Structure formats: structure tokens, C-alpha cells
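J.: Single-letter residue listing:
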Amino acid sequence: MDAEVLRSYLPGYAEAFFLTIRIGWIGIALSFGIGILTAFVSYYKVPVLKRIAGVYVELFRNTPLLVQLFFIYFGLPKIGFSLSAEACGIIGLGLLGGSYMSESFRSGLDAISKVQTESALALGMTNFQVFWLIVFPEALSLSVPAIVANVIFLLKETSVFSAISLMDLMFTAKDLIGLYYNTTEALFLLVLFYILMLLPVSLIGSIAEKRARYKMLGV
Amino acid sequence: MGFEVLLKGNNIIRLLEGLAVALKISMISVLISIVLGTACGVLMNMKIPVLKQLLRIYLEIVRIMPQMVLLFLVYFGATKAMGINLSAETASIIVFTFWGTAEMSDLVRGSLKAIPLIQYESSLSLGLSRFQMYLYIIIPQIIRRMIPLSINLITRMIKTTSLVMMIGIVEVLKVGQQIIEANRKTAPNAAFGVFLTIFILYFIACWPISCLSKYLEKKWEN
Chain D
3 MDAEVLRSYL PGYAEAFFLT IRIGWIGIAL SFGIGILTAF VSYYKVPVLK
53 RIAGVYVELF RNTPLLVQLF FIYFGLPKIG FSLSAEACGI IGLGLLGGSY
103 MSESFRSGLD AISKVQTESA LALGMTNFQV FWLIVFPEAL SLSVPAIVAN
153 VIFLLKETSV FSAISLMDLM FTAKDLIGLY YNTTEALFLL VLFYILMLLP
203 VSLIGSIAEK RARYKMLGV
Chain E
1473 MGFEVLLKGN NIIRLLEGLA VALKISMISV LISIVLGTAC GVLMNMKIPV
1523 LKQLLRIYLE IVRIMPQMVL LFLVYFGATK AMGINLSAET ASIIVFTFWG
1573 TAEMSDLVRG SLKAIPLIQY ESSLSLGLSR FQMYLYIIIP QIIRRMIPLS
1623 INLITRMIKT TSLVMMIGIV EVLKVGQQII EANRKTAPNA AFGVFLTIFI
1673 LYFIACWPIS CLSKYLEKKW EN
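Quick mapping for you: the protein sequence lines, in order, are chains D and E. Using this note's numbering, read the first sequence as starting at 3 and increasing by one per residue. Using this note's numbering, read the second sequence as starting at 1473 and increasing by one per residue.
These are calculated hints, taken from the structure and not from any lab test. Note that this is a predicted model, so its numbers are computed, not measured. Some hints here could point you the wrong way.
Simulated crosslink set (DSS-like; lysine-lysine; CA at most 30 Å straight-line) [to be verified]:
id: 1; chain 1: E; residue 1: 1646; chain 2: D; residue 2: 212
id: 2; chain 1: D; residue 1: 217; chain 2: E; residue 2: 1496
id: 3; chain 1: D; residue 1: 217; chain 2: E; residue 2: 1646
id: 4; chain 1: E; residue 1: 1646; chain 2: D; residue 2: 116
id: 5; chain 1: E; residue 1: 1690; chain 2: D; residue 2: 176
id: 6; chain 1: E; residue 1: 1524; chain 2: D; residue 2: 212
id: 7; chain 1: D; residue 1: 47; chain 2: E; residue 2: 1686
id: 8; chain 1: E; residue 1: 1691; chain 2: D; residue 2: 52
id: 9; chain 1: D; residue 1: 217; chain 2: E; residue 2: 1524
id: 10; chain 1: E; residue 1: 1690; chain 2: D; residue 2: 47
id: 11; chain 1: E; residue 1: 1686; chain 2: D; residue 2: 158
id: 12; chain 1: D; residue 1: 212; chain 2: E; residue 2: 1690
id: 13; chain 1: E; residue 1: 1496; chain 2: D; residue 2: 52
id: 14; chain 1: D; residue 1: 158; chain 2: E; residue 2: 1646
id: 15; chain 1: E; residue 1: 1657; chain 2: D; residue 2: 158
id: 16; chain 1: E; residue 1: 1552; chain 2: D; residue 2: 217
id: 17; chain 1: E; residue 1: 1496; chain 2: E; residue 2: 1686
id: 18; chain 1: D; residue 1: 176; chain 2: E; residue 2: 1552
id: 19; chain 1: D; residue 1: 116; chain 2: E; residue 2: 1524
id: 20; chain 1: D; residue 1: 158; chain 2: E; residue 2: 1496
id: 21; chain 1: E; residue 1: 1496; chain 2: D; residue 2: 176
id: 22; chain 1: D; residue 1: 47; chain 2: E; residue 2: 1691
id: 23; chain 1: D; residue 1: 52; chain 2: E; residue 2: 1686
id: 24; chain 1: E; residue 1: 1524; chain 2: D; residue 2: 158
Construct the complete structure from the given sequences, taking the supplied hints into account.
T.: Encoded structure:
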């Protein structure tokens, strides 16, 4: 391994690292929104929307992100929806993540007993208040382990963005290997930056899981 | 819309053959993962000092490394570091097995934990060896729990195999690109139809399997 080569590669990787993080976290935020919305719709069995949400979740849970991105990035422009690679990445990740988050929130919501809703309604709360102040916060802390797993999964999935020519870590590594053949250095930095991105999330996630568990069960 | 190119020549058959390549890789990896993963999960449960730490590090590596990075490491890194020339297919089976084994062993460990301690103690006090205890008492009980989860692993494996095109295996996405390229002049909009078809093909491959997994999970809940 050559220190000089490593140093010259560093700026490129750093740039790619921040791009990956930015797209990753915007996508994850989007997936939270979509997940909460679809879980809400299917929990309260809103007539037509429930069906749509169900189809969406099944469709996106059962297809790979790479295929979704290819469809959004290469397929949709042919019928007139042209988006930048970055927007495609965010939308793709958001849609994929939304379907996973939806399932996680759903299982949390299902675990909340009906008595809670009934009592809150008896106290004169509106439906919206019941969901937002009572049911949702409880469901959220039950879903924490699943959400942590989803966040890590989604951050890992960002590695396929290179396929739609976003200059992410994977793309940078592939590019440098192709240009200079310094495979060892390029792969080393690739691994290093992914550890830098995911290890903190994994550790914080474990702590969050423990705290949520403690809050809910006291163990 | 681009669907017509699929009907030309044997394009649709080529696409299905591409999907078959992906399915083959995932099936082989799943089968090996289930065997190795069960062994790893049991080992993890036995609390052998050094081994337990090693397995924990292994799990953490798999947890935070994208499969794509692992693919690159094995496919390009192995050649460079050790001079072994792996075929892309072998490299992907190695990576998916490495990943699947970790997932599987985590599932096995979780199910083992759910078995009350008294079962272990009773079987030992009845004079069974540790090996006998796992073979006759513990493993039969966790199988019901494990089957739906292992089936779920199959769908995840199938979805992940879409990555192998990035190391040059000609699977369904690559075939799709080839079809689009070949018909660039006559059907400039082929990308929409071809990629939508691939999207649906993957859905058709995975959806029944996830439904089965969900059904079994519900059925065997108690």
C-alpha cells in the first residue's frame, strides 16, 4: 500500500462520502415520511388509499433497488419524466425505504392495544390527536429495532447509486481502479469510508434499541 | 412504449434466462448459507470465549458493509492480493454466502435465545451430551420458527443478486441493457418497456415467496 497514492485519492473519496451521506439521509427522511403515511393509511383502513398503499409496499419490497433505479433513471425519461441522477437516487431510496419503514411502523402500530385508542377517544381527543399523541409515539418506540435495521440497510443500499452514474464512494473506487490500477489502495479507502459512515450508525442504533427497550419493558 | 422489442426474436427468452442466472446464484448461496448459518448460530449460542468474539466481529462486518463493496473486495481484491483468479459467478456466490451465513446465524441465535433455559438444563441433567441436546431437543423446536425466516432470506438473496451485473455477470438487467442497445435505432423508447418488464419479473419472482413466508409465520406463530 502506497501512502502517496492514498493521500492523492483522499479528496475524491471525501467528496463522494459527503455526497453519499447527503443523498442517503435525504432519502431516509423521505422514506420516514412515506412510511408513516402508508402505515397510517393502512392502520386506519382508509378506503381506497389503503389498497394503493398495500400495492405500493408489496411492489417495492419485492424488487431490488437497482432495478427500481434503472426504471426511474433510464425508463421514465422515455415517457417524458426526466430527473437528475441525484433526484432519482433520492426518490428511489425514499420509495424503497418507505415500503420497509411502512412495514416496521405497521407492526409497531398493531402491537398497541385497542384500549388505548378507545380511552383516548373517551377522553375527548380527536382521531388525529389520538394517532399523533398516543398511538404513534408508543408504536414508534416499539419499532425502534426495525427502524435502526432499516436505516443501516438503506445506507448500505446507497452503494448501488454508482449504476446511475452518481459520483458516490462505489463509483469513485471503480473509476480509480479503472484509471490507475491501484486496486489495493482504492478498495482500502472504499472499505474505510463505509466503516466511517456505518459504524457510528450501527453503534448509536444499538444504544437507541436498548433505551427504547428499557422504556417499554424496563429491562 | 418499448414493449414491442421484447417480442422480437428470442428477446423474452433471453431475459428469462438472465433471471434464471440470478435465481441460480441465489439458490446456491441460500442453501450453503442455511447450513453454515445454523452451525454458526449454534456455536454463537455456546458462548465459547474467543470464538464468540470472532463471530461477533464477523456479524458486525456483514452488518455494516454493503454487499456491493464485498463483491468488489472479493472479485477485484482477491485477484490482486492473492493472485487467485475467481470467476465472477464464484465471487458472487462466495460473497452472498458470506452475507447469508451471517444473516442466518443471527436468526438462529435469536430463535435459540427464545427457548427457555430450563430445556437446556433438563436435557443436560438427563445425561444427553451437548451435541445430542441440540440435535434432539433444541433444533427440532426452532425449525418452525426458522423456516419462514429462511424463506424470507431467499427473497432478499434474489433481490441482492441484481448487483452481480456490476461485476460483469450477464443476468437479467444486463440482458435488458443489451436488448435496448441493439434496438437503439428502431425502438428508441425501449428502455421504458424493458426495465418495467424486469421490474415486474423480479416482483413475480419474489412476491409469492414472501407471501409464503408471511403465511407460514402467521400459521406457526404459536
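J.: If a hint holds in the structure, say so; if it doesn't, say that too.
T.: Do the hints match the structure? See the list:
no., hint, in the structure
1, E/1646 <-> D/212, "violated, 43 Å"
2, D/217 <-> E/1496, "violated, 45 Å"
3, D/217 <-> E/1646, "violated, 49 Å"
4, E/1646 <-> D/116, "violated, 50 Å"
5, E/1690 <-> D/176, "violated, 44 Å"
6, E/1524 <-> D/212, "holds, 21 Å"
7, D/47 <-> E/1686, "holds, 20 Å"
8, E/1691 <-> D/52, "holds, 24 Å"
9, D/217 <-> E/1524, "holds, 29 Å"
10, E/1690 <-> D/47, "holds, 21 Å"
11, E/1686 <-> D/158, "holds, 25 Å"
12, D/212 <-> E/1690, "holds, 27 Å"
13, E/1496 <-> D/52, "violated, 36 Å"
14, D/158 <-> E/1646, "holds, 22 Å"
15, E/1657 <-> D/158, "violated, 37 Å"
16, E/1552 <-> D/217, "violated, 50 Å"
17, E/1496 <-> E/1686, "holds, 23 Å"
18, D/176 <-> E/1552, "holds, 14 Å"
19, D/116 <-> E/1524, "violated, 42 Å"
20, D/158 <-> E/1496, "holds, 24 Å"
21, E/1496 <-> D/176, "holds, 26 Å"
22, D/47 <-> E/1691, "holds, 23 Å"
23, D/52 <-> E/1686, "holds, 19 Å"
24, E/1524 <-> D/158, "holds, 25 Å"
The structure shown violates the earlier hints numbered 1, 2, 3, 4, 5, 13, 15, 16, 19.
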